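Undergrad: All chains should be built: construct the whole structure from the sequences, respecting the hints.
Protein chains: 2
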Amino acid sequence: MSALASWSEGAAKSAIVDFVARVTKEGGSDYVPPAARIATFDNDGTLWCEQPVQVQVFFLIDRIKELAARDVSLKERQPYKALLGRDTQTLHALGKQAIFELAFASHAGISEDEFDTIACAWFAKATHPKFGRLFTQCTYRPQVELLDYLRANGFKTFIVSGGGIDLIRAFAEQAYGIPREQVIGSSVKLRFEAKDRSTSLMKLAELDSFDDREVKPQNIGLHIGRRPILAFGNSDGDLPMLRYTKSGHGARLALLVHHDDAEREVAYDREFRLSPLVEALDKAEDYGITVVSMKRDWKTVFSQEAR
Amino acid sequence: MSALASWSEGAAKSAIVDFVARVTKEGGSDYVPPAARIATFDNDGTLWCEQPVQVQVFFLIDRIKELAARDVSLKERQPYKALLGRDTQTLHALGKQAIFELAFASHAGISEDEFDTIACAWFAKATHPKFGRLFTQCTYRPQVELLDYLRANGFKTFIVSGGGIDLIRAFAEQAYGIPREQVIGSSVKLRFEAKDRSTSLMKLAELDSFDDREVKPQNIGLHIGRRPILAFGNSDGDLPMLRYTKSGHGARLALLVHHDDAEREVAYDREFRLSPLVEALDKAEDYGITVVSMKRDWKTVFSQEAR
Numbered sequence: 000m001s002a003l004a005s006w007s008e009g010a011a012k013s014a015i016v017d018f019v020a021r022v023t024k025e026g027g028s029d030y031v032p033p034a035a036r037i038a039t040f041d042n043d044g045t046l047w048c049e050q051p052v053q054v055q056v057f058f059l060i061d062r063i064k065e066l067a068a069r070d071v072s073l074k075e076r077q078p079y080k081a082l083l084g085r086d087t088q089t090l091h092a093l094g095k096q097a098i099f100e101l102a103f104a105s106h107a108g109i110s111e112d113e114f115d116t117i118a119c120a121w122f123a124k125a126t127h128p129k130f131g132r133l134f135t136q137c138t139y140r141p142q143v144e145l146l147d148y149l150r151a152n153g154f155k156t157f158i159v160s161g162g163g164i165d166l167i168r169a170f171a172e173q174a175y176g177i178p179r180e181q182v183i184g185s186s187v188k189l190r191f192e193a194k195d196r197s198t199s200l201m202k203l204a205e206l207d208s209f210d211d212r213e214v215k216p217q218n219i220g221l222h223i224g225r226r227p228i229l230a231f232g233n234s235d236g237d238l239p240m241l242r243y244t245k246s247g248h249g250a251r252l253a254l255l256v257h258h259d260d261a262e263r264e265v266a267y268d269r270e271f272r273l274s275p276l277v278e279a280l281d282k283a284e285d286y287g288i289t290v291v292s293m294k295r296d297w298k299t300v301f302s303q304e305a306r
Numbered sequence: 000m001s002a003l004a005s006w007s008e009g010a011a012k013s014a015i016v017d018f019v020a021r022v023t024k025e026g027g028s029d030y031v032p033p034a035a036r037i038a039t040f041d042n043d044g045t046l047w048c049e050q051p052v053q054v055q056v057f058f059l060i061d062r063i064k065e066l067a068a069r070d071v072s073l074k075e076r077q078p079y080k081a082l083l084g085r086d087t088q089t090l091h092a093l094g095k096q097a098i099f100e101l102a103f104a105s106h107a108g109i110s111e112d113e114f115d116t117i118a119c120a121w122f123a124k125a126t127h128p129k130f131g132r133l134f135t136q137c138t139y140r141p142q143v144e145l146l147d148y149l150r151a152n153g154f155k156t157f158i159v160s161g162g163g164i165d166l167i168r169a170f171a172e173q174a175y176g177i178p179r180e181q182v183i184g185s186s187v188k189l190r191f192e193a194k195d196r197s198t199s200l201m202k203l204a205e206l207d208s209f210d211d212r213e214v215k216p217q218n219i220g221l222h223i224g225r226r227p228i229l230a231f232g233n234s235d236g237d238l239p240m241l242r243y244t245k246s247g248h249g250a251r252l253a254l255l256v257h258h259d260d261a262e263r264e265v266a267y268d269r270e271f272r273l274s275p276l277v278e279a280l281d282k283a284e285d286y287g288i289t290v291v292s293m294k295r296d297w298k299t300v301f302s303q304e305a306r
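Heads up: the sequence lines are chains S and F, in that order.
Under numbering that gives the first Met the number 0, the first residue of the first sequence is numbered 0, with each subsequent residue one higher.
Under numbering that gives the first Met the number 0, the first residue of the second sequence is numbered 0, with each subsequent residue one higher.
Warning: the hint list may mix true and false statements.
Identical copies carry no separate label here, and so any pair may be met within one copy or between two of them.
Stated by the list, open to error - List time: in silico BS3-like cross-link candidates among lysine-lysine, alpha-carbon distance up to 25 Å:
hint: 1; residue 1: 188; residue 2: 95
hint: 2; residue 1: 64; residue 2: 124
hint: 3; residue 1: 194; residue 2: 282
hint: 4; residue 1: 282; residue 2: 64
hint: 5; residue 1: 80; residue 2: 12
hint: 6; residue 1: 80; residue 2: 95
To be clear, the hints were calculated from the coordinates, so they are not data collected in a lab.
Predicted model only: the values in this text are computed from it and were never measured.
TA: Set out below in structure tokens:
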């Protein structure tokens with residue numbers, strides 16, 4: 000099967016194929032050596048489905064349920080009570096601090112190794128409520144093909160996500176072919192603990208980095224130390240990364256998934272409260288960002304569907 | 000030329016060759032899949048010379064000289080005055096805060112791109128005061144061979160250094176074949192700035208991470224998200240990384256360079272104030288760390304010497 004088989008012919012596919020041809024053409028004026036072929040992808044809504052809420056929220060709920068089964072007092076305490084009761088109004092009223100408390104309760108207080116075991120076990124059985132299949136099967140096939148295509152052309156592919164870094168690492172290698180060390184995400188601080196011949200990294204209930212908006216290019220600076228030549232996002236949270244990528248010298252490509260396909264997935268942009276797409280869509284033309292229409296540009300949406 | 004040609008036959012070389020054979024033998028009980036073959040190396044004193052002081056200190060001095068040429072008032076202000084006058088007693092008396100101020104003055108207040116230009120220009124001409132050649136030629140040949148050997152066996156090689164991350168990135172690719180995104184080091188915070196179609200990452204005068212001792216495994220957790228199976232250091236600052244590596248499940252190798260070669264390099268351990276080797280040497284046997292004697296185990300020391 001040819002590369003990018005799930006992409007319809009059109010402006011988006013042409014922009015990708017032309018860009019890759021230009022930067023890989025030795026002797027050409029836009030040639031980029033392989034070491035500098037860095038491509039960064041947002042995850043939620045860009046590489047896989049983020050509706051009705053991001054996958055990490057489902058993980059959070061299941062993990063808090065598990066914790067509440069062991070400590071029943073949680074069921075009566077906020078913000079746990081609101082989460083377990085799906086009381087979104089109270090959750091919103093409790094604010095950002097409550098969300099961090101839930102995130103810390105579900106991600107912290109255990110070692111990285113223990114967290115990984117929990118996350119892998121969850122991904123092995125947790126299913127999407129609407130699509131009725133494993134979350135790991137809710138990845139977008141055109142994007143998995145694009146990652147393969149870029150790597151076949153000497154690119155190094157990275158995830159730069161607002162989601163928890165260790166949760167993404169638990170499935171990104173299998174789902175996208177992206178190794179753990181090429182995943183950047185939100186993180187808690189870690190503490191090294193050593194006792195005799197045993198050591199571990201404890202995940203602490205303290206935010207290290209909330210990898211969204213301007214923090215995305217900042218974390219690219221820290222983790223990669225090189226400006227990407229291609230970036231792909233789907234919300235305003237990705238706009239600084241897209242602008243950072245697009246404004247480098249030489250050939251650059253910045254892309255934005257527009258979820259306009261109510262039939263095969265969900266049609267949304269401005270109104271999605273958790274991660275709206277407003278400014279990036281309005282300014283796409285100004286900033287030279289290529290908008291990819293799910294409806295028009297993708298022949299197939301999900302990886303799981305029959306080829 | 001055969002791999003590890005600059006390594007003398009002996010316990011250290013055997014430990015390396017045996018380890019690599021075991022973890023790469025498919026079907027063997029110690030087999031490790033390529034994705035998990037992570038090797039982490041300290042830089043100063045492990046991959047290149049750190050005497051009489053670390054290379055970053057020479058960079059610091061030259062950079063402060065440059066800044067003082069443009070702002071002569073610095074010459075009369077501490078801690079700049081002490082540094083420019085090589086007044087180490089006053090510098091020590093001024094303490095850690097003074098060192099950070101110097102580091103921030105030399106690394107911050109400019110963008111990552113500007114810093115890289117300055118660092119690359121410096122490496123192109125700055126020479127070692129004792130060995131009289133470029134600092135980039137003061138890398139250890141046996142270690143460069145080891146990095147190549149590991150990569151040829153499917154390992155991914157990383158630097159985990161107390162030195163400034165962006166300074167190391169400016170030469171690591173050429174000197175060691177280690178790409179920028181596989182360098183972990185001390186860092187300042189970054190701020191994303193955007194103006195019309197121009198964007199940059201400004202290096203701020205605020206510490207993000209001082210990558211030494213227990214921070215090394217913590218940063219491995221953040222950047223790599225996987226426990227190394229091989230780690231190489233040369234001081235107590237590397238001990239937590241060596242213990243973290245060695246205490247994982249399965250086959251692991253932790254190594255320590257012992258600088259015992261006054262003739263070809265410098266003989267030192269306990270007394271080197273900037274980065275002493277005391278506990279790691281005393282406890283090496285306890286922790287199963289292989290000590291590499293520069294004098295006994297390396298046929299050649301520097302990369303620049305005739306082969």
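Undergrad: Within a copy, between copies, both or neither: which one fits residue 80 and residue 95 at a CA-CA cutoff of 25 Å?
TA: within (16 Å within a copy, 47 Å between copies)
Undergrad: Is the C-alpha distance from residue 282 to residue 64 at most 25 Å within one copy, between copies, in both cases, or in neither?
TA: neither (41 Å within a copy, 44 Å between copies)
Undergrad: Within, between, both or neither: how does the pair residue 194, residue 282 come out at a Cα-Cα threshold of 25 Å?
TA: Between copies, since 14 Å is at most 25 Å while 54 Å is not.
Undergrad: Please work out whether the CA atoms of residue 188 and residue 95 approach to 25 Å or closer within one copy, between two copies, in both situations, or in neither?
TA: both (18 Å within a copy, 23 Å between copies)
Undergrad: Is it within, between, both or neither when you check residue 64 against residue 124 at 25 Å Cα-Cα?
TA: So residue 64 and residue 124 pass the 25 Å test inside one copy only (16 Å; across, 61 Å).
Undergrad: Using 25 Å as the alpha-carbon threshold, which applies to residue 80 and residue 12: within, between, both, or neither?
TA: Neither way: residue 80 and residue 12 sit 47 Å apart in one copy and 59 Å across, limit 25 Å.
Hints 4, 5 from the earlier list are contradicted by this structure; the remaining hints agree with it.
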